[in-house]
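Asker: The chain contents come next:
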Amino acid sequence: MKECKPLALGGDLPGGCADDYETGSWRKFLPVLDRDKCIDCLICWVQCPDSCIIVEDGKMVGFNFEHCKGCGICDEVCPPKVKAIRMIEEES
Amino acid sequence: MATLKELAAKEELFTGGHRLCAGCGIPPIVRLILKSTDARIVATTATGCLEVASSIYPYSAWKVPWMHSAFENAAATISGVQTAYEVLKKQDRLPGGDKEIKFVAFGGDGGTYDIGFQALSGALERGHNFLYVCYDNGAYMNTGIQRSSASPQWGNTTTSPAGAVIPGKVQWRKDLTRIVAAHNVPYAAQASPHNWRDLHKKAEKALAINGPTFLNVVSACPLGWYTKGQDSDAHVKYAVETCYWPLYEIEEGVLKVNYKPKNKMPIADWFKMQGRFKHLFKDDEGAAKLVQIQERVDMEWQRLLDLDGMRL
Amino acid sequence: MSTAKVAKQTATGLTGNSAVAYAMMQINPDVCGAYPITPSTTVIEEFSSYVADGRVDTGLITVESEHSAMSACIGAASAGARAMSATSSQGLALMWEMLYIASGMRLPIVLCDVNRALSAPINIHCDHSDTMGARDSGWIQLYSETVQEAYDNMIQAVRIAEDKRVQLPIMVCLDGFITSHSIENIELLDDESVQDFVGEYKPERSLLDVDNPLTLGATALQDSYMPLKHQQSNAMKASKEVVIEIGKEFGEVSGRSYGLLEEYDLDDAEVAIVVLSSSAGTVKDAVDKLRAEGKKVGVLRPRLFRPFPHKEIAKALSGKKAVCVLDRADSMDGFGGPLFKDIRAALYADDNRPKIIGRVFGLGGADFNVDNALDVIGETIKLAAGEDVELFRYIGEGQNAQTIAGC
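Protein chains in written order, with this note's numbering: chain A, 4 to 95; chain B, 2 to 313; chain C, 2 to 408.
To be clear, the hints were calculated from the coordinates, so they are not data collected in a lab. The model shown is predicted, which means the values in this text are computed figures rather than measured ones. Glycine is no exception: its CB is placed at the ideal position from the N, C-alpha and C atoms. Each hint should be verified, as a subset may be incorrect.
[To be verified] Covered stretches of chain C (in silico footprint by chain B; criterion: 3 or more residues with CB under 8 Å from a CB of chain B, positions within the stretch not fixed):
{"#": "1", "region": "25 to 36"}
{"#": "2", "region": "94 to 108"}
{"#": "3", "region": "212 to 220"}
{"#": "4", "region": "267 to 278"}
{"#": "5", "region": "328 to 337"}
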């Protein structure tokens, strides 16, 4: 058997390193933001399961496509009168 | 209480890149709770979807110190961590100096209502200073949608399948929030991530209290509920609007209903949107069961209203 | 080399459990998660008094089950605390799941197990079924013959478990009632010497290091589970040398050195009995009688059972004519007890290997006296002389053996 590469004791990991793991390839649909319509209510931010809504200075500026799985929750929770997010089919 | 802008400006403590399903209901609960204190958080999680999918070697989604040991012992594990903290703090032996740390244990309904119930009850009784968060999606989702004592009556699961003779899970669900409150803990509450203000406020309150506190949070599961991932937020909204999952809290023994829907949504209107109840919409027998469920939901809701503002 | 200074010692009489509790008091662990079970109960009772009287700084968590006791120890050890517990029998059985997690997470927890039979039938008396069942759980196991050794092992266990080459949990075993509840003469080290010996625990990692957040107990799939187990296995292997080092160092402090095995009249013996814990004393008595008659018999008592010192055992038994391994547990596989099989396996590659038989004795506290030991040695002498002797059987089953069908 070849030498095992050294691993941290008992399988310890540095916290938060899943940030480096890509789950964007799971996506079948892609959220698209209409910045002109967005009112920065940030409901999409609080309800996103993948911590993908990028907020800068209190403004919704886009999506982290490394992690976005295309679930469409952001589109669904975007207030009906605003509808700044829509889902489009991911190009293969 | 912080606004969403303020919350968004705080560091994200549960990163993307975890392997929970698209549209999973759990992460919004975790993300919000981890942002509900200015103190540092150390967390543990019972074996289950959240634990497995957030810690696949060598990737961890937790930016707070976090550990998992087993399924039935999240409350016992955090008891040990929290006791170690108290002892080391007294002796000035904490790594990185004396910092205020809050302890949080997460578990699904399987790890909380069922297999982890004894450890939870023990830790509550001993009075450890920690918050226990149950994300209740009403079945053992991690192992493939088996019934739990939190599963809704007549719902279809893989161990209470809707069969020709027995149409789903026979029993009514365990009322864990009341059971926890009966431990006379300083704070126990039910919440829904759709009502994020309410959840955030409850988490802030619980994390500020010195002693054992408990949050039971409804969590949508597209896989187990046979629903669409994009609708997860809507489903935990309907759970509240139907009064199936009332928002209430018991603080120092006083019960308070936090939200009373103006027009209670009929339970059948919500169940109809979920594949786990589709067998109830096929015939008269199913219709009769839906009537019974509605009666029970109404009775439970009325009981809560009767107790609103009362010292239990 | 160690610069240990010789400890002041007090001679007294204590039960095994009192000695273990006293050692725990002197060690002053950070956290103790415990649940009472006979015959280990008084360890925790007495330790609770030390807590109540302020003689230790320990956070005592009186949990609602042994499963939670070990879970709390695992939480505490993950938080960088020195964690300890004590249990027996069903208590250890209920901890089972967590034993593997403590070792897999590489947490140096010290657990005293006061050996007791497993149900059913329920029985509170001594045998080794409880800890023998945990022999593959990744815990280091030390078996103590006397009250003195139980006390000494507890103190050494802390150092062995926490050694950077090891970082594994450790079980200190002593015989239920026989050792746990009998008063024996004992020399106690002074508190300061125990503190100097165990030293301050400086963990390599802590969950409470909030500025360097760690994830402990992660999911490991096909690509990483095996190398992590390999790492654990290597640490277990490495712990043998550490047990030897610490045993020597303890000798410098206390005048009582410990190795992996105890050899009693073994050097020139042609026939040897292998046995763990307190029954070794009984066999030694029988050996003394036979030696007086000129018979070349001796005893090998493994102190360390996990990791298994197979080389040292093979060396000690090589060239003997016949060996009988006494097991206070049965593997229930039709092939004898666990010690018997491990000893046979250790000797397989030895060109001068002795004939080996196994006897199961003392289950559920069944008496094992000098006459029983003499019988066993007598049989082994017959085996050495070339007579046909049964490979494996039960001995000394007690008064009801004739009335219980099938015996």
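Asker: So, for every hint listed, does it hold in this structure?
Answerer: Results for each hint:
1. 25 to 36: holds (count 3)
2. 94 to 108: holds (count 4)
3. 212 to 220: It holds, with 9 qualifying residues against the three required.
4. 267 to 278: violated (count 0)
5. 328 to 337: violated (count 0)
In summary, the numbered hints that this structure violates are 4, 5.
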